[in-house]
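Participant: Here is what each chain is made of, one letter per residue.
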Amino acid sequence: MKAVVYVRPRSGVLDPQGQAVASALKHLDFPEVIEARQGKTIELVLEDGDVETAKERVTQMCEQLLANTVIEDYQVKIEP
Amino acid sequence: MKAAVIVFPGSNCDRDALCALRDYATCDVSRVWHRDTDLPRVDLVFIPGGFSYGDYLRSGAVAARSPIMSAIKAHATRGGLVAGICNGFQILTETRMLPGALMRNAGLKFVCKSIDLNVENTQTPFTRAYKGNSSTSIPIAHHDGNFFADKQTLERLEGEGQVVFRYGHNPNGSSRDIAGIINKKGNVFGMMPHPERAVDPLTGKTGGLAFFESLAGAFQ
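Top to bottom, those sequences are chains A and B. When we follow the working numbering, the leftmost residue of the first sequence carries the number 1, and every step to the right adds one. When we follow the working numbering, the leftmost residue of the second sequence carries the number 1, and every step to the right adds one.
Bear in mind the hints are in silico, worked out from the structure with no lab data behind them. Where hints are given, some of them may not hold.
Claimed, not checked - List time: in silico DSSO-like cross-link candidates among lysine-lysine, alpha-carbon distance up to 27 Å:
{"no.": "1", "chain 1": "A", "residue 1": "40", "chain 2": "A", "residue 2": "2"}
{"no.": "2", "chain 1": "B", "residue 1": "113", "chain 2": "B", "residue 2": "131"}
{"no.": "3", "chain 1": "A", "residue 1": "2", "chain 2": "A", "residue 2": "77"}
{"no.": "4", "chain 1": "A", "residue 1": "26", "chain 2": "B", "residue 2": "109"}
{"no.": "5", "chain 1": "A", "residue 1": "40", "chain 2": "B", "residue 2": "109"}
{"no.": "6", "chain 1": "B", "residue 1": "109", "chain 2": "B", "residue 2": "205"}
{"no.": "7", "chain 1": "A", "residue 1": "40", "chain 2": "B", "residue 2": "151"}
{"no.": "8", "chain 1": "B", "residue 1": "185", "chain 2": "B", "residue 2": "2"}
{"no.": "9", "chain 1": "B", "residue 1": "151", "chain 2": "B", "residue 2": "184"}
What the hints assert, rightly or not - To spell it out: a stretch of chain A is covered by chain B in this simulated footprint if at least three of its residues, at any positions, have a beta carbon under 8 Å from a beta carbon of chain B; those stretches are:
{"no.": "10", "stretch": "4 to 16"}
{"no.": "11", "stretch": "47 to 58"}
A virtual CB, placed ideally from N, CA and C, is assigned to each residue, including glycine.
For reference, chain B alone in the conformation it holds in the complex (with noise of 0.2 Å):
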């Protein structure tokens, strides 16, 4: 499969994830600067974390309006996959690619550190091999993770199953323990905790490889 890194000023991530996809999705990785217009021909587009813009405005808010994003959201259309963590599911809910937003943390404090996660819904693209009703532990580094939607949106989100993560203990006050969630169409995926910084053994857990292993299984 073959993917596309998305590059911000101020993304951070972007190695890791390059990294993590080469390695343990077996894709065939390209990066993108955020000012292309045209996205090579990827499978998968991966928007990175880090603090695009210095999360100037609202975290996310610039990025989403970046010239590459037009690209993005066809590629979205035409059903590939994209996937968001962190600074990229900031950047998936300012595009509305993805319902919501992500507000300051209630605690107003960044906060950094392995939780517990409840994997929700084991049917999709990234997150398939994961086994159903399993927990796992991801580390999370965020100010603004405190996922946010109206009661209509979180209903209807619960009842279509696009509740994908959700925190063992929240962090951050969002909404119903909400960690990431998927599009209603099943391509289109944000996430707060980031899967790429736990799939060496070497540098701690592994609660993130089965991410990157269920998207090394969505092409064959």
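Just chain A, same shape as in the assembly (with noise of 0.2 Å):
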């Protein structure tokens, strides 16, 4: 089964990134673009098993490594 990851900057953490992307939209003839944030997505391919169990080792990944919920906020999808 699969696992994606998103992972994006809190609510209220600065992410100049996602602001030059929003610019870069505008220029480009974008005008309804308000907001853009910027994060990233990982994929993991996981043994096939229980979709809940899952979702909570992958969840414990989020914590110890892939995200830092100093500044960033993760969801997990688990496609069975």
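These two chains come separately, so use the hints to put the complex back together.
Facilitator: Below is the structure:
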């Protein structure tokens, strides 16, 4: 099975990369863009097993390594 | 005093650190590979600058989970000194041995130049050779030096005298111009500027000399 982890800057944390992306989109004539936040996606291929257990384990991975919760939020999606 | 410089794949200031510790802090220095699990008996662990693991995931994130880190944490718990410079500072925040995080520079550029620093606390083993209320000049060379911590943590750092160095002119967007901090116990220290690059008049200014002289005095 597959797990997808989305990591992004926590709200309230300045995201200069997202700001640069939003500014570039405006220059490309997309004035409707109000804000961009840039994060990352980490795809994990896991041994098949129980979805709930997998979610719990991947959450531990986020807490221990994949995200720095001082500045980042994360979201885990399991794709059986 | 005995010191260990930790070497990760991608460290590039380990030799400068070793020379500065040997020549200006009169340390007996050894280098320790990050895969080791035991530290030699030392008074100071020095985590040098560089780009450990190519800054993959986040600067310092992978190095912070290296096998040697448990021994470094135990050393700090026993009251041993730990100094992290640049990537070393990033690693110390990633292990949560120091609060906050080092984010991408606000200007999104790698900044490499000498900058003015104010020494905010001269009562630490790392800064006691600086004169009170003094300023100094030390080079920075980083892409991720933008210190971030929540308001409560910043207030605590300020209140407890844990802000050790502040930028004269903020080069990277750091909260409250913070360039270097120390833990509450006063034995774990991190800063973005590179004192080991400012010790010998042959290669420029000597604003980092007092950092190493402080360490030389720490165990006398």
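Participant: What are the numbers of the hints the structure violates, in ascending order?
Facilitator: Violated hint: only 11; rest satisfied.
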